[in-house]
Amino acid sequence: MLCFAPCFGEDHARYGFGRPETFVMFQHERAFHRRHPQQIPAAVRQAVRRTFDEAGRGYEYDIGAVPTYE
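Start counting the sequence shown at 5; every next residue gets the next number (our numbering).
The set of hints was computed from the structure by calculation and includes no laboratory data.
Remember, predicted model here, so these are calculated numbers, not experimental data.
Treat the hints with care, as some may be off.
The following label-pair restraints were derived from C-beta to C-beta distances [unchecked claim]:
| # | residue 1 | residue 2 | range |
| --- | --- | --- | --- |
| 1 | Pro41 | Ala9 | 13 to 23 Å |
| 2 | Gln43 | Leu6 | 15 to 25 Å |
| 3 | Phe36 | Glu58 | 19 to 29 Å |
| 4 | Ala46 | Gly22 | 16 to 26 Å |
| 5 | Gly60 | Phe27 | 16 to 26 Å |
| 6 | Leu6 | Gln50 | 15 to 25 Å |
Ideal Cβ positions, reconstructed from N, Cα and C, are used throughout, including at glycine.
Could you build the full structure based on these sequences and the hints that come with them?
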């Protein structure tokens with residue numbers, strides 16, 4: 005799941021580009037399975053991170069992390 009919202013600043017990977025709405029996007033865990041049945045290759049992951057860097061957003065490694073609660 006990815007979330008983009010107005011509470012994130014322009015330098016954040018989850019910045020909503022000035023929109024007043026919050027967007028929550030769900031991506032099935034098997035979204036890449038048809039193309040990469042074993043796992044997403046490191047080269048694909050690196051390309052995603054490079055694209056974030058080139059857009060001046062810096063990839064946040066915990067963007068897809070699920071928080072843990074004690």
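Okay, the hints, checked on the actual structure:
1. Pro41 / Ala9: 13 to 23 Å: violated, 33 Å
2. Gln43 / Leu6: 15 to 25 Å: holds, 20 Å
3. Phe36 / Glu58: 19 to 29 Å: Given about 21 Å between the Cβ atoms, the range holds.
4. Ala46 / Gly22: 16 to 26 Å: violated, 34 Å
5. Gly60 / Phe27: 16 to 26 Å: holds, 20 Å
6. Leu6 / Gln50: 15 to 25 Å: With Cβ atoms ~19 Å apart, the hint holds.
The structure shown violates the earlier hints numbered 1 and 4.
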